[in-house]
Amino acid sequence: MDFQSEHLTIPRGKIFFAKYNPGTQVPGAYRELGNCPEFTLTRDSETIQHFSSQAGLKVLDEEINIGATMSGALTTDDIKSENVAYFFMGGVSTIAATAQTDVSETFETVKAGDVYQLGQSDTVPSGVRSVTITTVTDGATTPVALVENTDYEVDLDLGLLTALKDQLKIVVTYDVAASTREQIVAGDTQVEGALKFVSFNALGEQADYTMPRARLSANGDFALVNDPDSTAFQTMPLSLAILKKGNLALAYRDGRAVAA
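Each residue of the sequence shown is one higher than the one before, counting from -14 in the working numbering.
Just so you know, not all the hints are guaranteed correct.
Unchecked claim - Keeping only pairs whose Cα atoms sit at most 25 Å apart, straight-line, the calculated DMTMM-like set for lysine to aspartate or glutamate is:
#	residue 1	residue 2
1	Lys96	Glu138
2	Lys154	Asp140
3	Lys229	Asp214
4	Lys150	Asp123
Said to hold, decoys possible - Per label pair, the in silico range of CB-to-CB distance:
#	residue 1	residue 2	range
5	Ala130	Ala82	24 to 30 Å
6	Pro110	Gly231	15 to 21 Å
7	Arg16	Val88	36 to 42 Å
8	Gly8	Ile80	23 to 29 Å
9	Ile80	Gly231	34 to 40 Å
Honestly, the hints are just simulated from the structure, not real lab data.
Ideal Cβ positions, reconstructed from N, Cα and C, are used throughout, including at glycine.
Assemble the whole structure, with the sequences as input and the hints as a guide.
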């Protein structure tokens, strides 16, 4: 008899995801999700029970499986754009901002501490970047120039203007430099593809798991700020639905190949 546990495992591994090509269920190249401190699979079964009630107390005499699902959850501390896009259920794009000159904006009933995003509109929801301030005035009939670092502060890279004093009005004129930046827009489309987990266990048998059809979506909190005393890195949770693809199984577990 086996009185000693001989198959203990200290699990480690890498997760790869291959998005389906648009309009297909054909996966593209696998991309590593990065370091994932947690990755779990969950298997649930739905059963129907039969009880005998011929005499006395009812007795369970049969239980038949009528359905099964597989799901999973992972947490990654690799906060790269691809992973953030999975969490936002959106895509990564590049915004190309064209150069603009003599752009004017007016802000009214300004209070000290108010912060304004230059260029923000429904067309450009996050505003403009890389600005050069031409003038900042009080907007009077005979305008008086306001003084930087006395009446206002400005972050030119972010296009953020902060009022340091109350003003009835502030009129800002600025230029925008041509630039590009990455942007991820939150959507409502869960991404599908093939998922592969390759173990590199610190202890135990090695294996890899392939799931031909998996769907990634957001699953919980994505902390944008931690307590300054916290020793934790930023992490992002994702949920995983394992779906049926044609006649294929939900998942395949392969051991390491050995010479025949």
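Next on the checklist: Against the range 23 to 29 Å, how does the distance between the Cβ atoms of Gly8 and Ile80 compare: consistent or not?
Outcome noted: 25 Å, holds
Checklist entry - If you draw a straight line from the CA of Lys96 to the CA of Glu138, is it 25 Å or shorter? => result 13 Å, holds
Checklist entry - Straight-line Cα separation of Lys150 and Asp123 no greater than 25 Å? => result 11 Å, holds
Checklist entry - Is Lys154 close enough to Asp140, meaning Cα to Cα at most 25 Å? => result 20 Å, holds
Item to check | Range hint 24 to 30 Å (beta carbons of Ala130 and Ala82) holds or violated | outcome: At 27 Å between Cβs, range holds.
Next on the checklist: Quick check on a hinted range of 36 to 42 Å for Arg16 and Val88, using CB atoms only.
Outcome noted: 39 Å, holds
Item to check | CB-CB spacing for Gly231 and Ile80 relative to the 34 to 40 Å hint | outcome: 39 Å, holds
Next on the checklist: The hint says 15 to 21 Å between Pro110 and Gly231; measuring C-beta to C-beta, is that right?
Outcome noted: Since the Cβ atoms of Pro110 and Gly231 sit about 41 Å apart, the hinted range of 15 to 21 Å is violated.
Next on the checklist: Hint check: Lys229 vs Asp214, CA-CA at most 25 Å. Holds or violated?
Outcome noted: At roughly 45 Å apart (the allowed maximum being 25 Å), Asp214 and Lys229 break the hint.
Of the numbered hints given earlier, the model fails hints 3 and 6; all others are met.
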